[in-house]
Amino acid sequence: MNRRDSLKYIAAGTFASSFLLTGCEWAEEEKVTQSLWKYKYGRTPKEMAHDNAILAQQFFTAEELALITNLGHFILPGNEIGDIEKAEVPAFIEFMAKDYPPFQEPLRKGLKTLNETANSSFSKDFIALSESEKKELIDPIAYPDEAAEALKDQVSFFTLMRNLVMTGYFTSEVGIKDLGYLGNQPNVWDGVPEEVLKEHGMAYPAEWESKFLDITERNTKAEWDSDGNLIT
Amino acid sequence: MYILKSSKKYDVIIVGSGAGGGMATKVLSEAGLKVAVMEAGPHFDPANPDQQTQLKWAYESPRRGAGTQRVFGDYDMAYGGWDLEGEPYTKAEGTGFNWYRSRMLGGRTNHWGRISLRFGPLDFKSKSRDGVGEDWPIGYNDVKPYYDKVDKLIGVFGSKENIYNEPDGFFLPAPKPRLHELYYKKGAEKAGVKVMPSRLSILTKRINDDRGVCFYCNQCSRSCMAYADFSSGSCLIFPAQKSGGQVDLYTNAMVREVTVDGNGKANGVNYIDKDSGLDYSLKAKVVVLAASACSSARILLNSKSAVHPNGLGNSSGLIGKYLHDSTGADRMGFVPNLMNRKIYNEDGVGGMHLYSPWWLDNKDLDFARGYHIEVWGGLGAPSYGFGFNPNDLNRFFGERIGGYGDGLRSDVKKYYGSVVGMSGRGESIARIDNYCEIDPEKKDKWGIPVLRFNYTWSDEELKQARHMHDTFEEIIVNMGGIPLGDKPGKDKNYGLHTPGAIIHEVGTTRMGDDPKKSVVNAFEKLHDVDNVFVVDAGPFVSQADKNPTWTILALSWRTSDYIVDQFKQQNF
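Respectively, the protein sequence lines represent chains W and Z.
End of the first sequence sits at 232 in our numbering; the numbers just go up one at a time, nothing left out.
End of the second sequence sits at 804 in our numbering; the numbers just go up one at a time, nothing left out.
Certain hints may be false.
No more than 27 Å apart at the CA atoms, straight line, and that leaves these computed lysine-lysine pairs for BS3-like [as the list claims (entries may be wrong)]:
#, chain 1, residue 1, chain 2, residue 2
1, Z, Lys695, Z, Lys323
2, Z, Lys288, W, Lys40
3, W, Lys198, Z, Lys422
Hints were generated in silico from the structure; no laboratory data involved.
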């Protein structure tokens with residue numbers, strides 16, 4: 001009995017889960033294959049099967065997704081770096097609705113109510129409204145502390161949408177660039193930049209100087225004397 | 233039940249591949265013993281590209297790293313969680329305990345915080361100090377040589393501080409603090425709280441040719457592909473295999489019980505091969521349990537025989553008793569001076585660069601035992617949840633909260649890196665009435681009886697949590713910050729986390745000289761059986777305000793040396 005070869009095990013899991021897709025339409029399968037390629041990070045066979053099953057399903061209708069996209073742009077307008085579509089926010093919200101089912105009802109109901117309100121107020125779907133008409137509908141539900149009690153559900157819906165749009169944007173490639181985050185890459189930390197320390201009136205304590213790493217010595221093998229003092 | 237017998241016979245079967253099991257694997261196999269390692273999950277190697285999550289961006293996950301699959305997020309390197317499918321546990325009415333398990337080679341060492349603290353001289357003799365709990369049968373000087381060896385073998389950064397109960401070791405140099413950590417230092421020292429470089433098992437400097445040096449991605453929780461952090465697989469088990477030891481790894485192998493001969497001496501284990509669902513029996517001269525404090529207790533309690541009717545090694549009736557986890561409480565503060573920050577790469581190592589060890593004397597306080605403070609914050613990588621409630625902090629400026637439009641984008645940028653968090657992690661008192669036991673009815677999907685937990689906090693822990701929150705508020709205000717949320721009162725247990733939540737559960741097979749008052753002796757051998765040892769955190773008599781891993785490693789090495797010596801004397 002040899003079960004040591006995890007590579008084979010994991011690879012077998014990958015193939016096994018892709019067989020789950022045989023029932024899908026060709027276009028669907030191609031879509032999932034692309035996602036598989038795209039979402040390539042270490043998952044267990046079980047996790048991958050779950051993701052693939054979700055990616056092969058559709059929760060929102062085309063109309064709902066169009067509304068999510070439209071509302072997404074309204075919540076966070078694009079700039080020269082990108083926008084919520086470049087950030088693939090609609091696809092992310094579609095995925096989360098299936099991955100975390102408690103989102104389904106409030107999102108679907110909220111979208112429906114939004115369109116109903118648009119139609120009763122302006123006889124148009126939300127998507128067809130002008131910017132100022134949209135504001136007129138959204139303002140009463142966009143500020144939780146000020147909103148009317150009767151609008152509680154729509155306030156929660158809008159808060160959830162705002163959260164998903166904002167996190168979807170700022171966790172995307174364009175959003176991370178927009179934020180300016182500079183990490184997630186091999187580097188060597190040698191402390192806070194001097195000008196930032198100055199700006200904050202901070203300094204590394206002189207009595208701590210000897211405790212810190214000299215980054216030029218990081219590849220020299222560590223050796224100690226018998227008292228635990230580093231001598232290399 | 234039909235049990236398939238393996239023809240292989242080992243010198244030692246080690247159950248579990250985390251810190252304790254990994255160390256035993258290395259020491260025993262390198263001494264020439266033939267070793268089988270039983271791991272209940274799959275093989276894992278952080279350098280295997282098919283398993284890696286390190287350096288992945290949030291958008292490489294369809295859920296942007298959300299915790300719907302893995303409870304600490306998609307990229308956290310633990311195949312497990314609070315609830316495992318088909319492997320339940322129960323809680324006695326009116327009590328609470330959360331049990332975190334990870335099923336993979338290396339266990340929870342693949343994602344832990346790498347906080348690598350030695351217990352100090354006072355920590356081994358707590359009862360002598362304050363009359364509560366129990367003393368260990370060994371002291372700091374018994375363990376010190378092994379702490380020294382662990383430091384050199386595995387690597388830990390830190391600084392020499394000459395504090396009696398925070399013993400220094402063989403340290404690699406510490407990384408410089410981040411900006412919010414300098415703010416913390418200022419605020420804490422003003423409150424009389426000691427601050428010093430943290431002590432994490434991350435290689436800021438090379439220690440050998442097999443492991444790389446930290447490249448500062450902040451992602452030790454994903455297990456390092458360069459082997460620059462301590463994970464049991466990459467630092468102990470793979471090197472043991474590489475150095476030519478006789479190590480057979482059995483993965484997806486769930487141990488059901490330790491088997492005994494007619495005289496009650498252990499002769500191997502029965503396990504379930506999770507892939508086939510078949511039962512196997514494996515023989516060995518010695519069995520070393522390292523399945524985690526609660527899992528090892530469960531295996532022993534389920535190992536009933538004519539000679540050991542209450543479970544193996546349980547003549548004292550104490551297996552499962554004295555279960556204790558670290559106390560924990562957390563608070564965040566908003567520091568306006570950290571708004572509109574200049575952006576630079578502040579990832580650093582995976583964890584805090586400085587922290588506060590316990591700094592007070594309990595004589596002046598209304599509770600026994602202390603806690604340390606961990607610090608978090610900074611210009612971290614966005615993942616699921618980042619950008620939620622983007623301008624809640626507007627409330628401190630009398631501005632509107634919520635809304636839509638470009639303002640949200642600038643609000644996110646304005647507040648990025650302006651919130652600092654603190655976590656107190658402290659020592660609870662081991663009590664006989666906090667325990668795990670076998671649930672008389674419930675079984676897991678392989679028919680193995682499961683654990684039932686009985687655990688309540690006492691006033692000691694509640695008062696300690698209250699003290700943590702008072703301290704956090706003082707520090708936050710001293711930093712020029714504003715504590716967020718309300719200070720939890722008595723109705724909320726002063727914010728004290730549910731037992732088990734800190735994932736430092738220890739004490740279920742406590743160590744002692746008296747077989748009536750303890751389960752294992754000073755070499756972690758069962759009092760009742762001469763060839764069964766427990767090298768996880770089960771033998772801990774008390775757990776100090778330190779994280780348990782470094783002590784698990786030191787004691788496992790010490791016990792392994794003892795086992796090798798006993799083999800040399802042909803005592804097995």
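(request) Check each numbered hint against the structure and report the violated ones by number, ascending. (result) none
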